[in-house]
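Put together the whole structure using the sequences plus the hints.
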Amino acid sequence: MSRLSRRARRGVTLVELLIAMTILAVIASLVAATMLGQQRLFQQTYEMVGVRRELRTAMSLVPTDVRGLSSVGGDVSSFTATSLTFRSTIGASIVCAKSGANTLFLPPENLAHNTLTSFVTRPAAGDTLYAFDEGPLRGAEDDKWVALTINSVTPVLSHCLGAPFTDAVADVAKARYRVVVSEAVPATVLVGAGVRFTRHVEYALQQSGTTNRWYLTQQSLRGAGWDTPIVVSGPYDVPANGGLKLVYFDSTGVEVAPGGKSTSLARVDLTMQAAGLPGSAPGYSGGSATPRDSIALRIAIRNRQ
Amino acid sequence: MKPASEELTGEVVEPIATKPTPRKRRGTALLLALFAMVVLLLLSQGALVASMHEFRAGRNTLVEQRAFAVAEFGINREIASWPRERNLPPPTGLAFGAIDSNSVFVSQGDTARVKVTRLNDNTFWVVSTGRASIGNAALESQRMTHMLVRIAYPTITPGGAIVTAGDITVKGNAFVTGANTNPAGWTQCSQIAGRDTFAIAYAPGVTVNIQKPTSVVNGTNADPAAADSNTYVRYGTESWNSLVANADIKIASGSYQPLPTGTASTCNYSASMNWGEPFRGAGTIAGCMNYFPIIYVDGDLKLNGKGRGQGVLLVNGDVTLNGTLDWYGLIVARDDFDAGNGTAKIFGSVMSRNADLDKDNVSIGGTIDLQWSKCAVESALRGSAVLTRTRERSWVQLQ
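The listed protein sequences derive, respectively, from chains A and B.
Residue numbers for the first sequence, in our numbering: 1 to 305.
Residue numbers for the second sequence, in our numbering: 1001 to 1399.
Calculated directly from the structure, the hints in this document are not laboratory data.
C-beta atoms are modelled at their ideal positions from N, C-alpha and C, and glycine is treated no differently.
Watch out, some of these pointers could steer you wrong.
[Said to hold, decoys possible] Each pair of labels, with its calculated beta carbon distance range:
#, chain 1, residue 1, chain 2, residue 2, range
1, A, D142, B, M1052, 53 to 59 Å
2, B, D1196, A, G74, 41 to 47 Å
3, A, I295, B, A1033, 39 to 45 Å
4, A, E141, B, A1095, 23 to 29 Å
5, A, I295, B, L1032, 41 to 47 Å
6, A, P186, B, R1056, 49 to 55 Å
[What the hints assert, rightly or not] For lysine-lysine, the following DSSO-like pairs were computed, each having C-alpha atoms within a straight-line distance of at most 30 Å:
#, chain 1, residue 1, chain 2, residue 2
7, A, K261, A, K245
8, B, K1171, B, K1306
9, B, K1171, B, K1345
10, A, K174, B, K1115
11, A, K98, B, K1115
12, B, K1345, B, K1302
13, A, K144, B, K1115
14, A, K98, A, K174
15, B, K1212, B, K1302
[What the hints assert, rightly or not] A short list of chain A residues far from chain B (calculated; beta carbon distances all over 10 Å):
#, residue
16, V26
17, V232
18, D237
19, A266
20, R267
21, T271
Right, dumping it as structure tokens:
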């Protein structure tokens, strides 16, 4: 045949096809590899951001509570390498008026000119109020904080109107607080005495029953019973791998072993290692691993003398 | 006209296209490349956003930590540089409920606002609000810390205008009274409740020699506390040593003539002979009226010439008055108190431990006028007291 049809001449040979397919395959594999790499990078970054977010959450919460506890005042109930139970300060105020044997009044939270009342969370029945008792002597030798059990905390408008602690005009419509306590308030707890509100809390590393992973939890004691633990942050590594490690020291820098004298605690060293999704980070020697990051904090207890 | 090839061969040969038509040139490579680039861009963007988020979160944490540190700095600096005139009873000192406010500037716009509120006689409420922004106002973070502090008040309760562990002689024109008397013009005395006490409290068994009965008002008292050496060196949480450590003026043994130095609004605290201004009214150094220093003399003290002062005078030896002295406050002498030749007017109390028992102990002569004054003692103790944290629960982070 001397003439090819127009249609026949428009095809490609098998060799051409193979070459084209090979080139395309190479290009596709390169693109796919790059895309997978990028996706892995994104995943790793995302996981690491999550891991650090969890660490930051713990970092913003735990030191604030631990700093404010009073070791010398007996706030620490128990301390181990993976848990700490103590009275957390949830509020501070002053006595602006007294009534009867067991009723105190506190100024409003949002005073026009000052901050005399501040709550992390509103105190409730069962919490403990510590009132500063100057004692009969003028010096500090008989000062003490008297522990009083709170029966109720009620907003009122009737007391502490005007000087010396509130503005008679700007603060008149703001809610004060009437606090009724179980015990009689000593006469040496004067008007103007500082008060602290505390509630028992426990920070611990606990394993989830559903995911089997470890989380930092916070648990509060309300009245006679403990609340259900709340997950603060996580997941963390298992305790054996350093998910949470608490080490305690006294004021001379000597380590206090768990079970030791809690009133001597002056510093808590906190190490936490958060762990992301397993397999979402490159392994040290190839393969994949769990993304991890850690923080180490030294928390000086402020109320230790 | 036929093409040349047809003319040569007689066959009709269709010309082979040397260039593809526009339709044939439409490949998928460009689309694939664009698609891949978009996907890569999106993934990169995601990673970038995540990284930026991480960066911002880290930066916010940094700013928060700075704000907390600034708040702590503010509160500590306020307490370290505490103006002690606040400690005095109102109206001279800070009134109950009154707010004293200061700002502390650190760097890069980081500041602490410190507010001091007086709660009652002894305690103060200090709140420090730290703000940090690392130079960018949009990033400002705030933290608030608080401390309940109190006056480190030395518990010294003199049992008389004179308290002595040894023998005492009152002679000449001396006059000693236990009737409570307020110094003229001291406005804070209206807030200090005082009552009369004995003119002389002495250790049981010592010799009390009063030449003229009219020179002593409110009598004498054999007080076991006057015999106890702790009375002269232990003052509750404070002590002789702690007061010496906190002394504003420390001078060696010698002869001195104290006089206040300053103006109507300023006081020269660096002058070792400025022991405060006890007088009120015209011709006085008003800037030193609220200055109640602790003066420690490491040895014997002789006061010559015409001098005056107020506060707490601790003498690690004998006190001898040769000149004219107006002293309002408390004198604690480790050894003897001898006012035989001087002309002195003292409001407050004199405590003489008489550690050196081989000498005459307290000798009050000349024209000394020694009047018990609760207000003068209280003002001296308060006005010279340093500040201390309340025990156990002074510190709280409010926000």
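Legend entry - Earlier hints that do not hold, by number: Hint check: nothing fails, all pass.
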